[in-house]
Amino acid sequence: MSAAGARVFITGASSGIGAALAREYAAQGATLGLLARRRDALEQLAGSLPNAANHRIYAVDVLDHAALAAAARDFIAVTGGADVVIANAGVSQGTLTERLEDQQVFDTVFATNVSATIATFAPFIESMKTGDGRCRLVGIGSVAGVRGMRGAGAYCASKAAVHSYCESLRLEMKPYGIRVVTIAPGYIDTPMTRNNRFPMPFLMPAPRFARAAMRAIARGDSFRVIPWQMGVVAKLLRILPNTLFDFVFSRAPQKARKAAP
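The opening position of the sequence shown corresponds to residue 1 in this note's numbering, with each subsequent residue numbered one higher.
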């Protein structure tokens, strides 16, 4: 599947992975629908892209499902449909279950990372059923969804949910020729990861990640960890016995919490 002439809708498009994907797709001749909360950042990004007038921007919070669906309908009406929909919007925040003030953080992380992924895909599916096998629904998971890490229960669990949800959706979409692709980033150099207070092995520049993700999307890969080195780590983590996993990671550094200590 070539990106030239493709119609691509991306949430969380104003920075990080979303902006990197937007730049790479636009460079290859795609028409974009860019959705994020910050209109100024979207306008700046869209204005910097090739064929800027062809791209649509939507200043929408993915937690507002009605506004998200309206943006999807507008993009379909203007472009005739979408070939690739990338549910990229996400948040990462440290959490501790025993801290009652973190309950709202848990709720927000799940609403943004999981429920908004579902709400992003839903408005596009009917029109994609006539896409002759060219259409892609892309969920952005994470290597963090492979095993739970201390202090990151909300983020790890939400990304594990994205992986399982996309797997279910993949089976549902198979009869229609719609490929469901799960991309699991490792450590990618973005504003989100720069808040991490621990070493990040195999840290990858966002533009390089975007190019690798586009190749996986074009192939219709069911699940792809990027960079590949973190894919090896993910496979090892999956098979690591719980006793050994607990011993190794029980003292690992934790994500910073938003709430007060």
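There may be inaccurate statements among the hints.
[To be verified] Ranges between beta-carbon positions, derived for each pair:
#1 A27 - S168: 44 to 50 Å
#2 A111 - R38: 42 to 48 Å
#3 G81 - I239: 38 to 44 Å
#4 S164 - A52: 19 to 25 Å
#5 S48 - G80: 46 to 52 Å
#6 F249 - R219: 21 to 27 Å
#7 G81 - K235: 17 to 23 Å
#8 Q28 - E172: 25 to 31 Å
#9 I239 - R208: 27 to 33 Å
#10 K129 - L236: 37 to 43 Å
No lab work stands behind these hints: they were computed from the structure. For glycine and all other residues, C-beta sits at the position ideal for the given N, C-alpha and C.
TODO: Any hints from earlier that this structure breaks? Give me their numbers in increasing order, please.
DONE: 1, 2, 4, 5, 6, 7
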